[in-house]
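**Student:** The chain contents come next:
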Amino acid sequence: MRAWARELAIGARLARSGGRGSLTRVALTAVGVALGVALLLVAASVPRMIDGRDARDAARADAASKEARQRAGDRTLLVADANWEFRDRDLRGRLLRAEGAQAPIPPGLDRLPRPGELFVSPALATLLRSKEGALLRERLPHPIAGTIGDEGLAGPAELAFYLGSDALADAGARRIDRFGADVEPEGLDPVLQALAVVVLTALLVPVAVFIAAAVRFGGEARDRRLAALRLLGADMRMTRRIAAGEALVAALLGLLLGGLLFLLVRGLARDVTLWDLSVFPADVTPSVPLAAAVALGVPAAAVLVTLVALRGVTVEPLGLVRRAAPRRRRLWWRLALPAAGALLLLPLVGAGDAASGSGGEAQLAAGVVLVLVGIAALLPWLVEAVVRRLGGGGVAWQLATRRLQLDSGASARVVSGIAVAVAGAIALQTTFSGVEGDYVTGREASGDAVADVWLADDGGGRLGGGAERLAAALRESAGVRGALAVEQLEASHGTASEIVRVADCATLQAVVPVGRCADGDAFLLDGMTSLRPGARVRLGDAVAWTVPRDARVVDFPGTEPAQGAVRSIPDPVLATPGALAGVAVPPRTLLASVTLDETTPDAIEHVRNAVARLDPTADVFTMGDRSYRRQYATLRRALFAGAVAVLALIGASMLVGGLEQLRERRRPLAVLAAFGTPQSAIARSILWQTAIPVALGLALSVLAGAGLGAALLRMVGAPVSLDLGSIAGLTAAGAAVVLLVTAASLPALRRTMRPEGLRTE
Amino acid sequence: MSASEPLLAAQGLRKAFGQSTALDGASIAVAAGEVVAVMGPSGSGKSTLLHCLAGIVRPDEGRVSYRGRDLTACDDAALSALRRGEFGFVFQFGQLVPELSCVENVALPLRLDGASRRDAERRARTWLERLEVGELAAKTPGQISGGQGQRVAIARALATEPCVLFADEPTGALDSLNGEHVMRLLREAAHDSGAAVVLVTHEPRVAAWSDREVVVRDGRTRTTAPVAS
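For the protein sequence lines, the chains are A and B, in the order given.
Counting in our numbering, the first sequence runs from 1 upward without gaps.
Counting in our numbering, the second sequence runs from 1 upward without gaps.
Keep in mind the hints are simulated off the structure, nothing from the lab.
On a predicted model such as this, the values are computed, not experimentally measured, just so you know.
The beta-carbon is built from N, C-alpha and C at its ideal position, and this holds for glycine as well.
Some hints could be false.
[Claimed, not checked] In silico contact screen, one side only, chain B against chain A (beta carbon under 10 Å); selected entries: (1) Ser80; (2) Pro98; (3) Leu100.
Same shape as in the complex, but just chain A (with noise of 0.2 Å):
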């Protein structure tokens, strides 16, 4: 134990004092270990993030209490949601009054708001304060009497408010005596869940494959020094351990360098918003397992990754090092670990959401990492294979192509990374293409410009004048083409119930074409209901109403679902407000659908600001949720962002792995300048070297990555359909790396090529 010690110090002294070439290499090594590292910090930060952002909404959760629900006391307090959104931003708000003086104060505010009175989010006071926000301006125009603290927000860009109410009744509102009600956080849509399986794979599989790689930079510059410590008399396995020492010092050194670098990105993590969410530097923090994990793991694997690599080279000690036979690299376990992922995923296609829960979690993410792990450990074999078998060609391509015969490792490895990260991207592209399908309905799609208004009235009186003022004060709203208002009561009968929908004639007429109408007369769509002329209903709880007996049946012949709410949902009894006559209504809901002119820059902004006008916990939903569309837009953005990163690093590293060729062959290279070879050969050749295997890793990643996102679509009961943009957004990042990879090249080929290379003395 002690030897090994001894000379792990040895060669971490050689790292220090073996010059600038030796301190550039290990520069190079640490650097790459330090991406990695604080890649990997933020990767143990995940579960801190969750469960931070998870705790503060736990702890301001106004969920009634059964309690609480049954009468005001001293410390009480109404609530009712305001949740909106503006511009495809979320808004959480609250109304708040309090019943007693003990009423319970939500986290993060020092007091509750006084009627009137507002507290905002820090980001919500500065999207008031901006040009942008001069319309919510409109909604919230309450005087401003502080912000709400850290805790009390989920995250640092969240839009949040709370306004003080005078007008919040019973009906309206939940009566709670305490924030943090045990509610169960909410936790991830499995589909959600899958990708996010997808994406930290996809992410961290190429970070430990880059990592891999950056350990082995100037490895062979490193076995000449081994040679000389040969000639000393150190045997092959002291020489090893030697070697380890030095590539421990990088190791280390990436490490700090790594933690210095998760530092700053913490810093800025207040200023990053991705998918709506935001998170607090302090919740950037990694869990202690996994911190420990990576700060033994990283230095413990660049131990491993060294012995391991030096177990292929025979260090001679006249300076001679050759390369031990290479051995032909085994298919078997390389094909196992995808079959296998593939067994695992098998099951859970095609059975819908099979994947949540009974670990259904545990199966998919198993299944999906070892398909890509497969295809890292696949690609080293299949770019031996191919480079085999390839020949012909000019003396560019013959040089590229012999120089990978004779060693293909070290590029298929790298490029593992790449076809990692383009696997698990192209997976995720194809899945969001058709899962965004879900989410961003037909109606959207057509085109139409439709807004739907829920409004629950609370027995009040604040909807005075029901759906015909609604509908008013929408048409007044500014680019709104048309407004259809209806309301709606439940009737039960026995132990079934069906929806009634009160409208004037003209609106039910353009709902339905019922044909004659007077105030006073109900229509059964036909075939829709049970209930018949004359039959007896309860309205709300007790309300007793019989249909009038003169109701007529008529035919609904169906709608598109572009028509918005009031006409799409075939509810089986229409009345007039006459057919009510005499009856206590008890509350009703409000349905409004919008037609809206697009050519009015934030139509929808107006309508909103109209609708809370009315009553600001009024749901209004935009058909076809721009907001999914808008996430699923950012995701993939940022995905695709992440794949071209990770080709980038990958990239990074096949420049220093070339670089470093180049200076091993700078011999052989000298010669081929003295008897007249063109630089553009050999800078073809390069080229070459670095396309083959990004084109077989390409190659290899769309494959799998189209086949895991269509299981993933088929786990989730979504239709199959491949996302042709991505893949060649992904494919045109691969060329240019390669192009980049050789042009950086150049200059040192250009070195390499001159003629004092050839000088020996």
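Since the structure of chain A is already known, use the hints to place chain B on it.
**Tutor:** Frame of chain A; chain B shown alone:
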């Protein structure tokens, strides 16, 4: 070029690398088919002289002419073309492209000169046979000995049938027996193809294969009497 004019000549060459002067007024002339040994101790400037003659290094001062053409006035592309078509090179070590087989190494300059792969490799095999290493055609440089490697390198240098063969310490890494064998083959092959040879060496034993010796000392040349054959 007149009959009396040398094939390759250098006059008053000066070349410095930083503070170190490698050539300080060196001059030399080589006739067609002649084997000239450039001798001198380590660091005397003999390799730099060879590089200047071959158009690999541009002298700071002086003139190099090949068939009456001033090489110091040629651009890099012209010099590369000249080296590719008219000159051949053999160095001490590390000259074969490690990833190419021996036959591919020999065929390389032919292919660069425009020959098809098939034709280049056919001619390369002929040269390998002539240099008595035909059986090594499919092996890579890592799989053969130093002496065999030098013979492959000579085959490569002669494959384009150059007018001048530049050999820089071609036997420096070989034992005496192998060195003799390589020199005999080099001399015979050059003679058969009519190529002039500029042979840089510090070993009199190797220089003995030349027609004439030029001694370089402190960057200056001194011609000695023709070597008795």
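**Student:** Quick one: which hint numbers does this structure break? Sort them smallest to largest.
**Tutor:** Every hint satisfied by this model.
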